[in-house]
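Participant: Going down the list, the protein sequences come from chains A and B. When we follow our numbering, the leftmost residue of the first sequence carries the number 503, and every step to the right adds one. When we follow our numbering, the leftmost residue of the second sequence carries the number 503, and every step to the right adds one.
Calculated directly from the structure, the hints in this document are not laboratory data.
Chain copies aren't distinguished; within one or between two, either way the pair holds.
Each computed DMTMM-like pair below joins lysine to aspartate or glutamate, with the alpha-carbon atoms no more than 20 Å apart:
# : residue 1 : residue 2
1 : K815      : D543
2 : K815      : D568
3 : K595      : E678
4 : K584      : D778
5 : K641      : D750
6 : K815      : E564
Protein chains: 2
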Amino acid sequence: MSLLVVGSVAFDSIKTPFGEKERVLGGSAMYCSVAASFFTDVRVVAVVGGDFDAEAEAVYHEREIDISDLERIPDQKSFFWKGEYGYDLNVAKTLDTQLNVFADFKPKLSAAARQTPYLFLGNIQPELQVEVREQVAAKLVAADTMNYWIKNTPDELREMLKHIDLLIINDAEARELAGEANLVRAARAVLSMGPKRLVVKRGEYGAAMFTNDTYFATPAYPLEEVFDPTGAGDSFAGGFMGYLAATDATDEAAIRRAIIYGSVMASFNVEEFSCDRTRRLTYEEINARFRELRAISHFEEGHMPRRVTTREK
Amino acid sequence: MSLLVVGSVAFDSIKTPFGEKERVLGGSAMYCSVAASFFTDVRVVAVVGGDFDAEAEAVYHEREIDISDLERIPDQKSFFWKGEYGYDLNVAKTLDTQLNVFADFKPKLSAAARQTPYLFLGNIQPELQVEVREQVAAKLVAADTMNYWIKNTPDELREMLKHIDLLIINDAEARELAGEANLVRAARAVLSMGPKRLVVKRGEYGAAMFTNDTYFATPAYPLEEVFDPTGAGDSFAGGFMGYLAATDATDEAAIRRAIIYGSVMASFNVEEFSCDRTRRLTYEEINARFRELRAISHFEEGHMPRRVTTREK
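Throw the hints in and build the complete structure from the sequences for me.
Facilitator: And the structure:
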């Protein structure tokens with residue numbers, strides 16, 4: 503089955519403690535679609551400006567990602583983000599944001615896009631997420647969001663949450679959305695807002711998933727070098743949705759495996775700038791890291807010797 | 503096999519967002535020994551003052567913990583700590599510390615104590631940890647420490663690390679000890695200082711273990727109510743060392759299971775003040791939570807469909 507991804511396609515200028523680079527490929531839809539393309543056919547809905555040239559397009563052709571729904575506005579510029587990370591790579595400092603073409607983005611979907619069975623609504627205005635969701639006859643809809651929308655458009659965000667099956671956010675966002683410090687209680691509050699499943703990204707600590715009846719958690723793949731964390735969350739979403747779309751399965755076991763594939767794709771993505779590492783991945787590398795994550799978190803049934811005190815006898 | 507625990511036996515006054523209580527039982531050796539007593543015979547080496555009365559002693563008798571090596575100084579007071587937690591329960595604010603009897607503590611070990619095969623050196627001055635370690639013919643020695651010793655007695659701490667098999671600290675301590683923000687690299691640096699294994703406690707995110715060749719990580723048991731985090735790390739150490747001593751196994755598989763039992767004991771401990779929850783645990787409750795942790799982190803082998811682009815054909 504195929505996957506439709508709506509979000510941003512952008513240029514980023516990034517500085518980390520390990521290097522800096524100007525105007526690399528970025529945007530939630532870019533990161534998500536490149537990661538998902540290793541699993542399934544992907545179509546992108548986004549908007550770009552005249553600066554989206556052949557070089558920027560190359561990765562989409564290379565990964566055979568369908569960009570026929572990519573709107574182009576030749577006399578404007580693409581979305582641009584400039585950010586910096588300190589040694590705490592969990593926190594990005596935004597130095598500049600230029601919405602450009604994104605300011606008036608109204609997603610336009612082709613007939614083919616409307617028939618896509620799996621839909622990922624990347625982090626854009628909640629109203630636009632709803633607009634897209636209503637046009638697509640998808641069997642599974644997942645969405646991301648961010649603190650900006652939680653704070654500035656809470657009503658629109660609440661409305662969006664009623665239209666999706668699954669929300670994929672990080673733990674700070676889950677806490678902020680629920681107004682609750684404890685993640686277990688925050689998750690229950692988020693689930694009461696609409697989505698049947700909540701996937702919580704925890705960066706170097708891994709990921710967790712909540713439903714009303716089940717809980718799953720995995721550690722992250724241990725990395726010695728986190729070179730550039732930009733796009734980790736969207737790469738996670740790409741691996742996650744790509745695996746579900748490819749297997750056309752949405753049961754608990756499949757979704758747990760999807761979280762592992764999401765973790766794997768995120769772990770590769772942060773090893774280099776932009777999608778530089780992800781785009782040249784192989785099937786073997788992805789599966790090898792999946793197996794490593796299994797080995798890393800494996801432990802056998804316990805056999806606890808029972809010590810009985812006199813009182814308990 | 504039995505376990506020897508050296509550390510503090512104290513009184514704590516604790517305030518959390520959920521309540522406060524004056525002069526409850528505390529101290530690293532108390533938390534560790536009560537948790538370990540569900541698995542194996544435990545002997546405590548520590549010092550207390552005249553305020554360590556029958557009520558304070560009760561839990562040791564109830565759990566049949568050997569306190570014949572507990573030194574008593576009737577005309578002085580026990581170690582006292584007063585602390586407060588805000589909504590971020592990961593950070594304790596120390597309001598008062600009175601070393602009292604602890605200021606001149608010189609651990610004195612009985613002949614029986616010196617023959618204990620499993621030894622846990624709770625968080626005390628590194629020189630004292632070394633002194634105890636050298637007197638005990640143990641087959642496995644684990645130690646804890648804290649930021650205070652990392653900062654103030656770095657040479658003594660480095661010396662201590664050469665005398666132990668296993669270090670159990672939290673992730674901030676591992677980073678500080680190694681002077682390295684990345685945990686994987688920090689772990690490698692810590693292992694080069696002496697211990698063959700490093701167990702890293704990550705609070706609500708679980709725990710990880712590093713050797714030079716292996717890595718293991720587990721999420722934490724998800725709790726809706728973390729009532730009082732005091733003693734979580736020592737309860738972890740108690741479950742961990744108690745299980746190893748009880749099974750007399752120190753291979754990778756056993757140590758992974760020990761980490762799970764440690765996580766289980768820590769998760770119970772934080773549900774109430776002091777050791778109030780831990781002391782009335784049952785064998786069935788402990789094993790049930792072990793099985794839950796297994797279920798929570800379980801996922802099956804992946805079957806990733808291979809999407810091959812034209813270029814890759």
